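> With the hints as extra help, turn the sequences into a complete structure.
Protein chains in written order, with my numbering: chain Y, 7 to 296; chain C, 2 to 300.
Since no wrong hints were added, every one of them can be taken at face value.
Stretch-level coverage of chain C by chain Y, calculated; a stretch enters the list once three of its residues show a Cβ under 8 Å from a Cβ in chain Y:
id: 1; segment: 61-74
id: 2; segment: 147-161
id: 3; segment: 237-244
id: 4; segment: 259-265
id: 5; segment: 268-274
Heads up, incomplete: computed chain C residues facing chain Y, CB under 10 Å, no partners named:
id: 6; residue: L138
id: 7; residue: V142
id: 8; residue: A250
Think of the hints as simulated: they come from the structure by calculation, not from any bench.
Note that the coordinates shown come from a computational prediction; the quantities given were computed from them, not determined experimentally.
Idealized CB from N, CA, C, for every residue including glycine.
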Amino acid sequence: MKKTIIGVVIVAIVCWLGGSWVLAKQQPSQEKITIVGSTALQPLAEAVANDYRTKHPQTSIIVQGGGSGTGLSQVQAGAVNIGSADIFADQQDGINANKLDDNIVAVSGIVPIVNEELGIKNLTMKQLQQIFTGQIKNWQEVGGPDLPITVINRAHGSGTRVAFEQTVLKPGMQAVNAQEQDSNGTVKEIIRNTPGAISYIAFAYLNDQVQSVNLDGVAPTADNITTNKWPLWSYEHMYTQKQPSQSTANFIKYMQSEKVQKTLVTEAHYISIHDMKVEKTPTGKVTERK
Amino acid sequence: MEDLRQRLTQPSVESKQEASGKVISYLAITLIGGLVATILIFLTWKGIALFTGNHYSLWDFLSGIKWRPSDHVFGALPMIATSFSVTLLSGVIALPLALVVAIAITEILPSTAYKLLQPTIELLVGIPSVVYGYVGLTVIVPFLRRFFGGTGFGILAATCVLFLMILPTMTSMTIDSFRAVPKQYRNASAGLGATRWQTISRVIIPSAKSGILTAMVFGMARAFGEALAVQMVIGNTTVMPTGLMHSAATLTSVLTTGIGNTVMGTISNNALWSLALILLVMSLAFNLLMRLVSRKGVK
Chain Y
7 MKKTIIGVVI VAIVCWLGGS WVLAKQQPSQ EKITIVGSTA LQPLAEAVAN DYRTKHPQTS
67 IIVQGGGSGT GLSQVQAGAV NIGSADIFAD QQDGINANKL DDNIVAVSGI VPIVNEELGI
127 KNLTMKQLQQ IFTGQIKNWQ EVGGPDLPIT VINRAHGSGT RVAFEQTVLK PGMQAVNAQE
187 QDSNGTVKEI IRNTPGAISY IAFAYLNDQV QSVNLDGVAP TADNITTNKW PLWSYEHMYT
247 QKQPSQSTAN FIKYMQSEKV QKTLVTEAHY ISIHDMKVEK TPTGKVTERK
Chain C
2 MEDLRQRLTQ PSVESKQEAS GKVISYLAIT LIGGLVATIL IFLTWKGIAL FTGNHYSLWD
62 FLSGIKWRPS DHVFGALPMI ATSFSVTLLS GVIALPLALV VAIAITEILP STAYKLLQPT
122 IELLVGIPSV VYGYVGLTVI VPFLRRFFGG TGFGILAATC VLFLMILPTM TSMTIDSFRA
182 VPKQYRNASA GLGATRWQTI SRVIIPSAKS GILTAMVFGM ARAFGEALAV QMVIGNTTVM
242 PTGLMHSAAT LTSVLTTGIG NTVMGTISNN ALWSLALILL VMSLAFNLLM RLVSRKGVK
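Laid out in structure tokens, this is it:
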């Protein structure tokens with residue numbers, strides 16, 4: 007009795023597997039795109055991938071995090087189709103940027119944030135620099151209350167930190183040894199709850215629970231970024247190998263299209279690449295965009 | 002006659018079972034042994050790449066107090082010191098509590114308490130570490146912040162989380178070692194006119210000593226290797242630990258935050274592998290210690 011039941015179950019499983027295999031064979035072959043890398047870009051990539059899938063059901067897109075370093079090394083090794091990163095491949099140790107194709111898919115603003123009760127709404131670039139190098143240790147020195155400054159930094163090698171330090175610190179300067187958190191969300195939470203804390207996050211994560219800081223009187227807005235009046239911003243990249251597959255190229259073209267940039271990208275609080283009036287080189291030099 | 006001889010000399014069903022069972026168990030052993038060996042070899046090979054491939058001095062690595070991956074300065078001492086301090090602190094706080102709870106459950110409370118509490122404690126042992134980390138982030142850190150000021154992140158928060166995490170493990174192992182003490186010991190002690198406290202302190206604890214030490218080492222080994230829960234509450238500052246409320250970074254927390262931002266084969270990545278090698282060596286040391294302790298108990 008027992009044996010017949012087991013036999014029937016096995017036959018059923020074999021039939022089911024065989025049947026689904028045949029069915030899968032009959033369907034037109036799926037094109038697969040794997041995107042791995044930047045966790046900051048992940049929500050946007052997922053949103054665009056969902057949108058793309060509804061229009062091109064033949065394409066299956068897998069979006070994974072893992073960090074910019076992982077994305078770049080995986081795409082260099084050819085393990086994935088797209089490696090997303092919020093730093094230039096040139097800035098990452100161990101990556102040969104000449105072997106990769108850089109596709110800029112969005113611009114991300116970075117804004118310094120402080121605890122709301124602090125009452126600091128404006129800092130000069132010089133002050134920000136001195137705070138993050140540890141030269142200014144008390145808020146009194148920049149016109150705030152008598153409160154020690156608690157710097158919260160991002161993890162070493164995180165894209166946001168690389169972009170922030172490239173603009174704020176001068177070459178050779180060393181950031182103060184401070185707490186490091188590895189996500190925008192945690193940073194925001196700490197700043198909200200800790201008197202005297204300062205950090206920086208991507209625009210996409212900014213809300214009214216924390217106080218954003220103006221720099222030299224300039225407000226952190228999308229308009230100010232397009233002209234580089236607000237200097238803290240970075241590109242979001244999707245790197246591919248030279249000569250990517252047709253479906254990969256199509257997806258990136260879709261991502262960069264006027265329509266996606268106007269809707270999904272802007273809705274996610276990134277800045278459309280078509281709005282930018284300036285461009286930035288890997289070394290941080292900003293020039294007029296032709 | 003021929004028929005009988007053939008039947009007797011032929012391999013029986015049972016001996017065939019024996020043979021196939023042997024093959025299966027040898028295969029399983031080879032698989033597990035191979036896995037362990039692969040991990041050991043791989044980790045050692047990657048871990049020493051910093052010293053053999055990048056020619057970074059081993060002494061600088063072990064005694065340096067600056068960890069600046071962007072400048073290619075890798076001093077692992079702050080992380081080693083922090084890992085040891087949080088492990089020791091949580092172990093030292095958890096041990097007496099585990100002891101007291103175990104004594105209460107096995108010696109003092111009625112046996113219904115054991116039947117009720119043992120499954121509860123074992124349930125706590127199985128809770129994933131991320132849950133402890135989350136409790137730490139939402140309860141312990143804000144509490145410490147209100148009480149001591151600062152950010153609340155730091156060594157004390159990590160110690161609290163680890164303490165919560167290893168307490169069930171240590172308690173349940175201590176209970177087992179107390180229950181392994183033969184009943185005759187207790188009866189003999191009572192027969193000599195000893196009070197309950199005298200029996201507990203002079204007879205039961207000494208004879209369960211090796212079990213208690215094993216529980217402590219086991220709990221501390223778990224604390225030492227814990228990554229996620231610690232990383233969530235310790236603040237991740239790679240400096241030498243100087244105070245309980247100061248944020249610091251353990252070997253595991255630096256590993257988890259750093260590994261996604263580096264590229265395989267680069268010096269920063271190799272340095273992380275070297276940290277992992279230290280972790281492996283330390284957990285092997287904990288294992289050896291545990292064996293030594295429990296062997297002493299048998300004598």
